[in-house]
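Protein chains: 2
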Amino acid sequence: MKNFVVHQLLEHALITHPNQEIISGKHHFTYKEFYTRVIRLSNSLKELGIKKGSVIGVLDVNSHRFLEMHFALSMLGAVIHTINFRLAPEQMVYSMVHAGDDWIFVSDIFSPVVKPLFSKFPNWVLMSDNSSQTLPEVENFHHYEKLIEKGLIKPIPEADNIKETDIFSIFYTTGTTGKPKGIPYEHKAILTGAIQLFHHLALHKHGARLSSRDVFMPLIPFFHIHAWGMAFFPIYLGTKLVLPGAADAEAQQLLIKKEKVSWLNMVPTQLQMLLEQKDFGNVKVLTGGSPFASGIAQRATKANVKFSLIYGGSDQLASAISIVPEDIEANTTQAQEWLRVGLCPLPLVEISIKDKNGNEVPHDGATLGSIWIKSPWLPKEYYKEPEISKEHFINGWFKTGDLGFFHPNHLIYVADREGDAIKSGGEWIPTGMLESIISEHKAVELIAIIAIKNEQWGQRPLAILKTKEKISDKELLDFLQTKVNEGKLAKFWIPDSFIFVDEIPLTSAGKLNKKELKKKYSN
Amino acid sequence: MKNFVVHQLLEHALITHPNQEIISGKHHFTYKEFYTRVIRLSNSLKELGIKKGSVIGVLDVNSHRFLEMHFALSMLGAVIHTINFRLAPEQMVYSMVHAGDDWIFVSDIFSPVVKPLFSKFPNWVLMSDNSSQTLPEVENFHHYEKLIEKGLIKPIPEADNIKETDIFSIFYTTGTTGKPKGIPYEHKAILTGAIQLFHHLALHKHGARLSSRDVFMPLIPFFHIHAWGMAFFPIYLGTKLVLPGAADAEAQQLLIKKEKVSWLNMVPTQLQMLLEQKDFGNVKVLTGGSPFASGIAQRATKANVKFSLIYGGSDQLASAISIVPEDIEANTTQAQEWLRVGLCPLPLVEISIKDKNGNEVPHDGATLGSIWIKSPWLPKEYYKEPEISKEHFINGWFKTGDLGFFHPNHLIYVADREGDAIKSGGEWIPTGMLESIISEHKAVELIAIIAIKNEQWGQRPLAILKTKEKISDKELLDFLQTKVNEGKLAKFWIPDSFIFVDEIPLTSAGKLNKKELKKKYSN
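If you're matching them up, the sequences are chains A and B in order. The opening position of the first sequence corresponds to residue 1 in the working numbering, with each subsequent residue numbered one higher. The opening position of the second sequence corresponds to residue 1 in the working numbering, with each subsequent residue numbered one higher.
Calculated from the structure, these hints are not laboratory results. Honestly, I wouldn't trust all of these hints.
Put simply, identical chains are the same to the list, so a pair is met inside one copy or across any two.
Below are the EDC-like pairs computed for lysine to aspartate or glutamate, each with C-alpha atoms no more than 20 angstroms apart in a straight line [said to hold, decoys possible]: (1) Lys258 - Glu139; (2) Lys380 - Glu164; (3) Lys380 - Glu391; (4) Lys468 - Glu329; (5) Lys258 - Glu326.
With the sequences and hints as input, model every part of the structure.
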C-alpha cells in the first residue's frame, strides 16, 4: 500500500510521461531530466544536513527551481516554507523566524531585497542561472546549481518512509489584519485538496473545464497554496507545464502563444491586466480570491476566455467552484453569470452560512451571514497560535471571516470580507457586490469601496476609482440610478462620494488593499 | 476536519442536489426522499442491534434497496458483505459463514434460491415491494419496507464517529480456482479508489469521458466492487442514477432510451449482448474485467458506443484505464485501437511486469511477464487467509496473476490470466489475444481458447466457438491465414481444432468460464 505523499506524483509521471516538457524561462526540461535534477538536489540537501522535520524557506517566483524544491524536500521529509514575497519586509522576517527556517533558498531576483537579512540567518542557498554569483557576507553559502552538479544520482532511502500525515509545507496568510499566521499542511491534506479541485474541474462541461491534454501555466505564486495546487496537479497528470517566472502581462501573453498554454489560474486583477493585452488565445482560466466583478467577467467572455471561479484560501484550501445549475441552458448570458456568482461546494466539503446566533440563514438569495467550512483537507490549527486558532477552528469547522448568502438553488455567493462590509442604518452593504456593479461601467478600470463614518447612518460607502477615461460624479450617479431602476441595486447602496486616483494599492495576493485605503480615506 | 467515509457522500449530495433522481424499477426517488429512507432504515437497523463491526450480508441485484443499505450501514459503522449471487450455492454459503454474516438481507428475486439456507442462519430481512410477503421457516424475520416505515427520522449519532480506516465492506472473489477469498476494504480505500477512477475518466477527451451532467447506469453488479465504484460516484457527484435491477439486455436498452442514460459500465460479454439490440443511443461505456476482443470493439465503434477499458479487480480496485497516447490523432482507427490495448496506470498507481527472476520485462511490445500492482487503495490481505495473503501481498505489492506486456510507449497490455495462457513448444500463446483476433470474424459470437495436452509441443490451443451462422474449419483457417499474412498472428498460434457449441459458460463476473471448459474439453 502506498501513501499519498508529494514526491510520488513525480515518480509516477516519470513512468508514464518521461518525455513530457517543463518550461521555465530559457530552460526546457523533460520530466526525466527534471526528475534527475530533483534526485541530485535531494542527495545534496541531505549532505547539507537537511532531514526529516527541517524547515526550509524558499523565496522565488514560479520557477523550475522552486518546483524542484517541492519534490526534493518531500523525499527527505523536510518542510517547505514557501515565503510570501509580497509581504512587507518586517512581516517576511517575522514568518521566517516564526516558521524556524533552517535554510533559506533565495532566487537572484529577490537576493538584493533580502540583503539586510543575510546576517540574521546563517544558512543561505542562491538560486540563479549564473553559477559564479555568490551572496557576500553570508556565513554558510551554497549555490543551487552547484548543489545539483555535485548531487549523486542514487535513491533516497528516506523517501520510502515519508508518511501521508507528515507535514509537507507551511505558508503564511497575508495578514491584512495583524501579523501573518502560519498554516502547516500534511502531505495528504494538501494533495487531496488539490487533486479534488482539479479533478472536479474536469467534470464540468462549462467554464475552465480541463483535460489531460491541457498545457498549464500557474500565475498564482507558489507561496499561495502552491499556486492553488498547480505545483502538484500537472505533475500528477503528466501534462506540459509552463512556469512564468517573473513574466509581466505582456510576457505572459507571449508565453501563452508560444507554448500553446490552454489553462491558467490567476486573481481577477491579473486577468484584468491580461485582458489589456491583445488577443492571447483560446484559454481557460480559474480565478477567485476576491469577488469577481461582473465588468471583468463580461470583458473576459468577450475575449473568449472561459472562466470558473474558485472559493478557498490559505487556511481552507479549495472549498467550492462555480457551476452552471442543471436547469440553465449552457452558453447563455445567464450561464455566464452563474459561473461568476454560483459556487457549489466540492464533494465532501460542507459549507454553512450562519447568522449571529449560529443558525443557518435561509436560502433566499439575499440574507447575508458568516461563512463556515468543513472539509477533509482542513488544517487543524494555525502554527503555534493556540489562541487565534481557537477563534477560527471550532468543532471541526473553520470560520472563514467571509460574508455570503445562499441562492434559492443552494449555490453560494461570497459577497465580502466581514471586516470590509458596510453597516449603513443597520443594513449590510457588501462592498464586493457594489464594486461589481460599478465595474460594469466601461470607464472604470479598478474600483474599491470602503466605509466612512457617518453620524446619521453609522457608516456610508466611499468609492475609490481608477478610470480609463475621464468621468464625472454625475455620470456615475446616472449609471447607478439605471441599475436601481433595473432592480439590481438598492438605492441606499449608492456611494455618497467618489474619489479618483491613479493607482489603487493591492495586497500580496493581488486583492484590493482595503486596510491601506481605510487608513488613508476612512476618517 | 472530516473523514472520507461513505455516508458523507450522500449527506453532501443532499445539500447540493436534493431534487436529483434515483430510478429503480417503478420507483422514482429524489435524493432527499432517498436520504429519508436511508435515515429511517438506519434507525431501524440500530433497533435490531446492528452496530459498529456487525457484518450484514446483502443478496440483491442493483436496486435502490441495495444502495440504501450501503449508506445506512455506513452510518452505523457496520460492514456490508455484498454477496456474490453468481457463486455456486456451496460457495455462497461458504462466503456467508466465512464473513460471519450476522443478518442476511435478501431480495424476493433471490429468496426462492436461498430457501435451503433459511434454517442455517437465524436473522433474515426480505427486500420486496410486496410488504405482506414473508420468509416462512425463518427464526427472526423482518420485512425491509416495514423497517423503513417504522424507522424514525432522527440523526444517527454514531455516523459522526465512523473513521476512514474502519472497514466498510467485504466481498468475495469469484474463486475460479479454489474457494472464494474475502477482501475487506476500509472506507478510505474504497472511496479514494473509486473517486480517482471516475475523476480520471473525466480528464480524458476520448473514450468513456464522463461529465457532471451524465446519467449513470451500473450494469456491473454491486457485489463486484460496488459496481466498480458506481455505488458511490453518482452520489458523490449528485447526478441522476438509474438502477437496472434484473433487467435483461432488451429491458436495459429501453431504460437507456427512456431515462436518457449516457454512461454505463459492463463486462465485454454484456456489451456484446447490448450490441445485439437495435440502436440504444449515444452512450459511453467503461468495460473491462477480461481481454476486450477487437471484434466487439469494432462493433461497438460502428454502433457509436464510446468506450474505455479499465484494468482492476476485486483485490486491487482500479489500477489503470485505457488512453490514447498524445502522439496519436484523436478519432482515428489507431486511436480506437489504443483504447482497447493501451492501459495507463492511474496516477499514484505503480504497475510492474516482471519476468521469472523478478526483473521488469523490457518495454518492447512483446515480452510477456507477470503483472504486479502498488497503489494507495490496495488491501492489506485476504480476510482470514494469512497463507494465501502471503503469496499475493508482498512488500506492499500485489501479484495479480495476470500476464501482460509493456508497449514501447510504456502503456500496458493485459494478455491473459497466468493460469489460462498456453505454453506451446516453450513459447507463450496468450489466449485473450488469440480470442480477440478470431472474434474479428463476422460469424463468431463468442470464442474461448483453452489448452489441450500435446505430446510434441506440451500444450496446444483448442478453440471453442459459439457462432451466429454456420462456418467451416476451413473458412476459419483461411481467415486466420490472412491474419498471419498481415503479420498480426504467429502461425503457431493457430488452433489445432475447433469445437462449435450452442452456449459458452460464463463465470459470476461474466467472464469466460475456462475452468468449466477445461474440465470438459482439456483431457
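Structure-based check of all given hints:
1. Lys258 - Glu139: Close neither inside one copy (42 angstroms) nor across copies (75 angstroms); limit 20 angstroms.
2. Lys380 - Glu164: both (15 angstroms within a copy, 17 angstroms between copies)
3. Lys380 - Glu391: Cα proximity of Lys380 and Glu391: one copy only (12 angstroms, versus 40 angstroms across).
4. Lys468 - Glu329: Close neither inside one copy (34 angstroms) nor across copies (46 angstroms); limit 20 angstroms.
5. Lys258 - Glu326: between (37 angstroms within a copy, 19 angstroms between copies)
Figure legend: structure checked against the earlier numbered hints; hints not met, in rising order: 1, 4.
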